[in-house]
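Using the sequences and the hints, build the whole thing.
Residue numbers (the working numbering), protein chains in the order written: chain A, 1 to 404; chain B, 1 to 404.
These aren't lab readings, by the way, just hints derived from the structure by calculation.
Quantities reported herein were computed from a predicted structural model and do not represent experimental measurements.
Just so it is clear, CB atoms sit at the ideal spot from N, CA and C, and this is done for glycine as well.
Check before you lean on any hint, since a few could be wrong.
[As the list claims (entries may be wrong)] No more than 27 Å apart at the CA atoms, straight line, and that leaves these computed lysine-lysine pairs for DSSO-like:
{"no.": "1", "chain 1": "B", "residue 1": "Lys60", "chain 2": "A", "residue 2": "Lys338"}
{"no.": "2", "chain 1": "B", "residue 1": "Lys60", "chain 2": "A", "residue 2": "Lys351"}
{"no.": "3", "chain 1": "B", "residue 1": "Lys24", "chain 2": "B", "residue 2": "Lys60"}
{"no.": "4", "chain 1": "B", "residue 1": "Lys298", "chain 2": "A", "residue 2": "Lys298"}
[To be verified] Counterexamples of contact, computed for chain B against chain A with all Cβ distances above 12 Å:
{"no.": "5", "residue": "Val45"}
{"no.": "6", "residue": "Leu103"}
{"no.": "7", "residue": "Arg143"}
{"no.": "8", "residue": "Gly216"}
{"no.": "9", "residue": "Gln266"}
{"no.": "10", "residue": "Thr291"}
{"no.": "11", "residue": "Lys310"}
{"no.": "12", "residue": "Arg329"}
{"no.": "13", "residue": "Ser383"}
{"no.": "14", "residue": "Arg397"}
[What the hints assert, rightly or not] If you only want the chain B side, here are some residues facing chain A, beta carbon under 7 Å, derived:
{"no.": "15", "residue": "Asn49"}
{"no.": "16", "residue": "Leu50"}
{"no.": "17", "residue": "Cys105"}
{"no.": "18", "residue": "Pro121"}
{"no.": "19", "residue": "Ala123"}
{"no.": "20", "residue": "Gly328"}
{"no.": "21", "residue": "Pro354"}
{"no.": "22", "residue": "Leu355"}
Given next are the chains, with one letter for each unit.
Number of protein chains: 2
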Amino acid sequence: MQHALSEASLPRGFRFAATACGLKKTGALDLAIIASDVPASAAAVFTQNLVVAAPVTISKQHLHASKGRMRAAIVNAGNANCATGAAGHLAAQRTVAETARRLACTPNEIIVCSTGVIGVPMAVEKILRALPKLTSNRRPSARSFAELSLAICTTDTRPKTAAAAFKMSGKRIHMVGCAKGAGMIHPNLATTLAFVVTDANIAPALLQKTLRDVAGRTFNSISVDGDSSTNDTLAVFANGAAAAPAIRPNTAAHRAFSAALEEVCQSLALQIVADGEGAQRVIEIEVRGATTEAAAKKIAETIATSPLVKTAFAGGDPNWGRVFAAAGRSGVHFDPAKVEITMAGVPVLRKGQPLDFNERAASNRLLADHVAIVLHLHAGAASARYWTCDLTAEYVRINASYRT
Amino acid sequence: MQHALSEASLPRGFRFAATACGLKKTGALDLAIIASDVPASAAAVFTQNLVVAAPVTISKQHLHASKGRMRAAIVNAGNANCATGAAGHLAAQRTVAETARRLACTPNEIIVCSTGVIGVPMAVEKILRALPKLTSNRRPSARSFAELSLAICTTDTRPKTAAAAFKMSGKRIHMVGCAKGAGMIHPNLATTLAFVVTDANIAPALLQKTLRDVAGRTFNSISVDGDSSTNDTLAVFANGAAAAPAIRPNTAAHRAFSAALEEVCQSLALQIVADGEGAQRVIEIEVRGATTEAAAKKIAETIATSPLVKTAFAGGDPNWGRVFAAAGRSGVHFDPAKVEITMAGVPVLRKGQPLDFNERAASNRLLADHVAIVLHLHAGAASARYWTCDLTAEYVRINASYRT
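This is the structure in structure tokens:
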């Protein structure tokens, strides 16, 4: 699913850089910057967790104070700067202040993100020492974007990038994104960070609304293990450098922009699931025939987060009983006697009754990289999709290992 | 935790029997009866799952129609009789009718329970053939109770029984219970069945109310993997054979009865958790200082069902960050800056700030059979406990294996 990004797919007017400042013990890239040459419209969605890291608190304040006109995101991996108290808050503020000084902008124009170990004091001097070179090295190149996508990784086995483009008033609008996924080694947490940049021209309020809609169908419709982290952040910058007219709500241009954003976000979200710890395959749960989209999503989410369902998929087991039972405990009312279930294209249940099927053939289909399960309620016209990965012994091995 | 039941601990006026009718392919005990010599007060709580097996539907109807005066429970393992359509419903009705005929009572006086594979037609002839001998073999003996506790097992590695007693008006009141726990091999589900019998004298309505309260703090406060089954049933029979006066609400006798029922139910519930698939240890999550008991329970439940928390405990990892973060996404509001966490007696977080502690010593304590985690919110006076087990690679191995 990963797009090999070419120079031509990059939006104009953005520069990227990454460096190894020493937060990752391995000496790998661990500090990165994304900066627009001019103030850009910015929008973001953050973790819903009540326990949040200092960078999330500060980024929310800045997004609000700047009225969604921002310049850059400064991101580190290797330390989540969470549960680090007043010192951690100060560390994030000093990182922002120095970045702003180097970019000749105000602190309010900066988003700051951290991912990694929690509860460990932030060695902010390492970041401050690295910032001058990092900011001066930023480049509008595919290579620097690739370095950024690597620097934000923690236990990801591969970087995650995506791109989309569309035309508007004769101008080509570019959009690229990168993300890091669920990964934790004691006492880390599964943090999702994702950044999307585009040279579209769109007002902050419309960008925020569009992002929220898209996030609901993409990043908020995936689960690796049902845990949400203290640092999750998805931020979008739109700097208008393509020189196209401003995108107005409910126009063809807005639909094209939304579709491009959804394409990028869905690709990144599915890459995160596919790279879930120990994951062998992506499971797509689609619930159809519900009375509302929210009801469909609730059922799909309950199935997607069931350990029994997820372990069955690790073994390619066409275990429709677990799917049916998970739907039944979702809290959404439906008539079990009307339910139809198809697994990897094989009908296994109709009108609530088991069907005869070739279990060996079905099991073989369930061992594919991407497996679709469809549950039809026959109660209405609404539907929703949710993506997860299988739960394997490798997941347990990764997460049970004590820090060595 | 398992009690070796003696003859003296059995309540008077109950007889038990078990046989191998052929539903378990191994030839093990798979059909059992619990019968009171006289009509007993009966109460039960059932699965909240929308997808329910035929026996659950029928038992609910009978409990209602008999106004809580019942004679017996007939139970099979090896086939859950779920998603088996009209034929499955008829199979359960025929089982009940024949049991009632043998006991010379009405079908409404019988509870019927099944556990095992779902979606497979019920071979009811096997049950009907075995019923005459089963009913005539029932005995008021500790041995027959032990056989009952074995017959209801599926993938449990050991039977689960518990007993309690108290005195009232000079009479000794006896109570014993047995349960089966979470176990599934394709396409089974984790079904909990539990039965408690007592010779106390208590009206059906008060028994039902007491059972509901106790179940909330015991069977409804445990989780092996967050999945609830289509067949879960907890039933209590009280036949008054101890010849003590009727128990009235809010008296010392009622408190003694509630305490005995809670002791039996908590013991059975913890035995189920301890025998959770692949489990190495019981994790007790206690949330203190909440504004309400419901809020405390919601946080405790969210922590107890977090795969990240459960895998950390598999490795004896003092990973307080995962506990803190799970609490944060529970949906209950609290101030993270006031939170205090203690793991296996080791304080690890105070006022939302990490404490220095000896990680090796803490890890050793976390490898015990029963580990207690206390999270104090400092927001109020309410508390709740929730029990779960660790999530191990063995759990995945058991549940991912395709039917052979």
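Evaluated hints:
{"no.": "1", "hint": "Lys60/B / Lys338/A", "in the structure": "22 Å, holds"}
{"no.": "2", "hint": "Lys60/B / Lys351/A", "in the structure": "23 Å, holds"}
{"no.": "3", "hint": "Lys24/B / Lys60/B", "in the structure": "26 Å, holds"}
{"no.": "4", "hint": "Lys298/B / Lys298/A", "in the structure": "18 Å, holds"}
{"no.": "5", "hint": "Val45", "in the structure": "15 Å, holds"}
{"no.": "6", "hint": "Leu103", "in the structure": "32 Å, holds"}
{"no.": "7", "hint": "Arg143", "in the structure": "35 Å, holds"}
{"no.": "8", "hint": "Gly216", "in the structure": "17 Å, holds"}
{"no.": "9", "hint": "Gln266", "in the structure": "23 Å, holds"}
{"no.": "10", "hint": "Thr291", "in the structure": "14 Å, holds"}
{"no.": "11", "hint": "Lys310", "in the structure": "9 Å, violated"}
{"no.": "12", "hint": "Arg329", "in the structure": "5 Å, violated"}
{"no.": "13", "hint": "Ser383", "in the structure": "19 Å, holds"}
{"no.": "14", "hint": "Arg397", "in the structure": "6 Å, violated"}
{"no.": "15", "hint": "Asn49", "in the structure": "4 Å, holds"}
{"no.": "16", "hint": "Leu50", "in the structure": "4 Å, holds"}
{"no.": "17", "hint": "Cys105", "in the structure": "31 Å, violated"}
{"no.": "18", "hint": "Pro121", "in the structure": "9 Å, violated"}
{"no.": "19", "hint": "Ala123", "in the structure": "16 Å, violated"}
{"no.": "20", "hint": "Gly328", "in the structure": "3 Å, holds"}
{"no.": "21", "hint": "Pro354", "in the structure": "4 Å, holds"}
{"no.": "22", "hint": "Leu355", "in the structure": "10 Å, violated"}
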